[in-house]
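Q: Let the sequences and hints guide you as you build the complete structure.
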Amino acid sequence: MRTGAAEKPGEREPLLSIRGLRVGFRKAGSQFEAVRGIDLDVAKGEVVGIVGESGSGKSVGMLAALGLTSKNAVVTGSVRFKGEELVGKPAREMRKIRGARITMIFQDPLSSLNPVMTVGAQIAEAVRLHQRVTRKQAMARAVELLNLVSIPQPERRASQYPHEFSGGMRQRAVIAMAVANDPDLLIADEPTTALDVTVQAQILNVLRSLQERLGLGLVLITHDLGVVAGHADRVAVVYSGRVVEQADVSQLFADPRHPYTRGLIASIPNLEESRDRLFSIDGSPPALGRLPGGCAFHPRCIHAEARCRTEDPPLRDIGGRFSACHFATTLPPFHSAALAAASLETGSLIP
Amino acid sequence: MSRYILRRLIAMPFLVLGIVTIAFLITTVTKGDPLTAIVAEQQMSNPEVVAAAKARWGLDRPLPERYMIYLGNLLSGDLGTSFITKRNVGTDILYRLPATLELVFAAMIFGTTLGIVLGVLAAYFRNSLIDHGARLFALFGSSLPVFWSGLGLLFVFSVMLHWLPGPGRVDARLALPPGITGFLTIDSLLAGNLTVFKDALWHLLLPAFVLGWTVSGTISRLVRANMLDVMSREFVLTARAKGASEFRVVIVHALRNTMVPTLTVIGYSFAYLITGAVLTETIFSWPGMGSYAVEAARALDFPAIIGVTIVGGLAFLVTNLITDILYVVANPRVRLS
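Residue numbers (our numbering), protein chains in the order written: chain A, 1 to 351; chain B, 1 to 337.
Just so you know, the hints here were simulated from the structure itself, not pulled from any lab data.
You may find that some hints are simply not true.
[Unchecked claim] Anything over 12 Å on all C-beta distances counts as not near chain A; from chain B, calculated:
hint, residue
1, Pro62
2, Thr85
3, Gly90
4, Thr181
5, Leu190
6, Gly192
7, Val230
8, Val236
9, Leu237
10, Ala244
11, Val252
12, Arg256
13, Val260
14, Val278
15, Leu321
16, Asn331
[As the list claims (entries may be wrong)] Label-pair ranges, simulated between beta-carbon atoms:
hint, chain 1, residue 1, chain 2, residue 2, range
17, A, Asp255, B, Ile251, 49 to 55 Å
18, B, Val117, A, Ser166, 36 to 42 Å
19, A, Asn147, B, Leu94, 55 to 61 Å
20, B, Ile251, A, Asp224, 33 to 39 Å
[Said to hold, decoys possible] To give an idea of the interface, some chain A residues facing chain B are shown, with a C-beta separation under 10 Å as derived from the structure:
hint, residue
21, Lys96
22, Ala100
23, Leu129
In this text, all values refer to a predicted model and were calculated from it rather than measured experimentally.
Yeah, the Cβ is synthetic: ideal placement off N, Cα and C, and Gly gets one too.
A: Next up, the structure:
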């Protein structure tokens, strides 16, 4: 781990270590990179939030780390799990890690369960893929797991099909499946995005309590800074296929050191300061394969200077935290309200 | 679920009655005179002979009466007497039907297996050589007319290469085992007669392939399209994230989700082939329902035509019912409705 949080030994030993991860896709002759070098560490028992807009490469990066990208993807860089390199690992060996040591859950609980298999059978399958147990034992474990994620009447529920479950219940079942083999790391890709707000909180609580009880490393991929603020220990902000800022959650919100992060934080609606309009960052993220020269964020950045147009800033250590901005240490103090007010004058707000 | 099936079963006699009625009415509106099938041409000008024939076959009675007589006979299991063979139509059909069923079963087993395997491979290796090959094979299967592919294959494998026997169901010189199921392959096995079994199997190979090919074309294209859709769904990703093997992902998770439309086509094809394998049966001199239907139609043999129509209709009703039951097995969401 490269952040300041690394200094507590024992409690936070490195679990997953990603360095320079790149994912390129070839499609009909043309080639583009969805992930352009992600560096990230997850310690044992740590909750890391990965924040970014849709299409920023945050999901693809984690899928690639698990070897789950499509056949036309080219993955380079290094992903080490407990010191073991995963990039380029044979598929057969990846399967032993996937679902057992590292598991991943996805955004849409409606479609992430197989509609023609009972929920219990799907959880039991996860057990039997990695443990030598009988069908009966696996089924008993499935019921136990459903109970663990607070699904009432787990015996009855186990023999039901996904369409008999509500959205929140399905996501609980998916989580039960993900922790079936006591993994070390759980990657949750937008786990609450498709759910009602009230259910979102429940699911996050289930995830957090499991994380604490099982000592899981948890990666929360989300576009919702609120989720990150409430649940993550550390945050990586992804823009256009790269990590642009990484810091402990309190540091990040108190003093963001990248203009993109500042924009994201300023655009969170705030009950204390009444504003007529919501803040938004000018422009839109660049299309993949058509990145601007220099810093990918410069066309939308209010601090951009000539240098930003030519030179892509690397992710630098700025004292126990990281930022990929030329002016990371010299940016003015951050006030989200001031930023919003300033842009109000220039008219860059969505009504 | 059982209530659903019960409802379908109750509806069946009414549907059968509908089929019988329509089949009966259609024969009455055809322009042809069935007497030409009964009475020799020279006797047609002899009013006495014609009147006798009419009386003998009941053709002098009014239509409603004929209909009621037919229905009454049908209720006691009597399908009437064929104008041509002068045998009971039921007996004729019972003799023909097993031959067709054997051929159609073989063709369906072959065509379904091939269609599903090709469809899955084509979808999994999308836009590869395997995909293109499978699609070309499917295209030929469903677009080549049977009289062309059948004759072509017969010429190559039987006439040129002598690998397979010519038309027919079995070598006429062989003594056949007692008919238990009516399926020559099964009956010969039951009787322990391997000579007949082998001969019947070799005879079955080509016509089953030709028929199955047409079916496999439809099925493989359907399976391919559905697999492409299903494979992009998130539960496939979930299965992979669990650590399931690709084989397991494709067969256990994806394929089962494509089964409902596939079952529909399998059921439909099966029912259709019971009476629709006419060309194949003709080319391969297969003594089945298709050739019987052609002979009956050509001779305006009304009892036989109606008999064949009823059997064809029943085939549809029964296969539809079986398909509906299988839907429930394939897709649990059907169970609620």
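Q: If a hint holds in the structure, say so; if it does not, say that too.
A: Hints, verified against the model:
{"no.": "1", "hint": "Pro62", "verdict": "56 Å, holds"}
{"no.": "2", "hint": "Thr85", "verdict": "49 Å, holds"}
{"no.": "3", "hint": "Gly90", "verdict": "42 Å, holds"}
{"no.": "4", "hint": "Thr181", "verdict": "34 Å, holds"}
{"no.": "5", "hint": "Leu190", "verdict": "36 Å, holds"}
{"no.": "6", "hint": "Gly192", "verdict": "39 Å, holds"}
{"no.": "7", "hint": "Val230", "verdict": "10 Å, violated"}
{"no.": "8", "hint": "Val236", "verdict": "8 Å, violated"}
{"no.": "9", "hint": "Leu237", "verdict": "6 Å, violated"}
{"no.": "10", "hint": "Ala244", "verdict": "6 Å, violated"}
{"no.": "11", "hint": "Val252", "verdict": "8 Å, violated"}
{"no.": "12", "hint": "Arg256", "verdict": "5 Å, violated"}
{"no.": "13", "hint": "Val260", "verdict": "9 Å, violated"}
{"no.": "14", "hint": "Val278", "verdict": "37 Å, holds"}
{"no.": "15", "hint": "Leu321", "verdict": "21 Å, holds"}
{"no.": "16", "hint": "Asn331", "verdict": "6 Å, violated"}
{"no.": "17", "hint": "A:Asp255 - B:Ile251: 49 to 55 Å", "verdict": "53 Å, holds"}
{"no.": "18", "hint": "B:Val117 - A:Ser166: 36 to 42 Å", "verdict": "38 Å, holds"}
{"no.": "19", "hint": "A:Asn147 - B:Leu94: 55 to 61 Å", "verdict": "59 Å, holds"}
{"no.": "20", "hint": "B:Ile251 - A:Asp224: 33 to 39 Å", "verdict": "37 Å, holds"}
{"no.": "21", "hint": "Lys96", "verdict": "7 Å, holds"}
{"no.": "22", "hint": "Ala100", "verdict": "6 Å, holds"}
{"no.": "23", "hint": "Leu129", "verdict": "5 Å, holds"}
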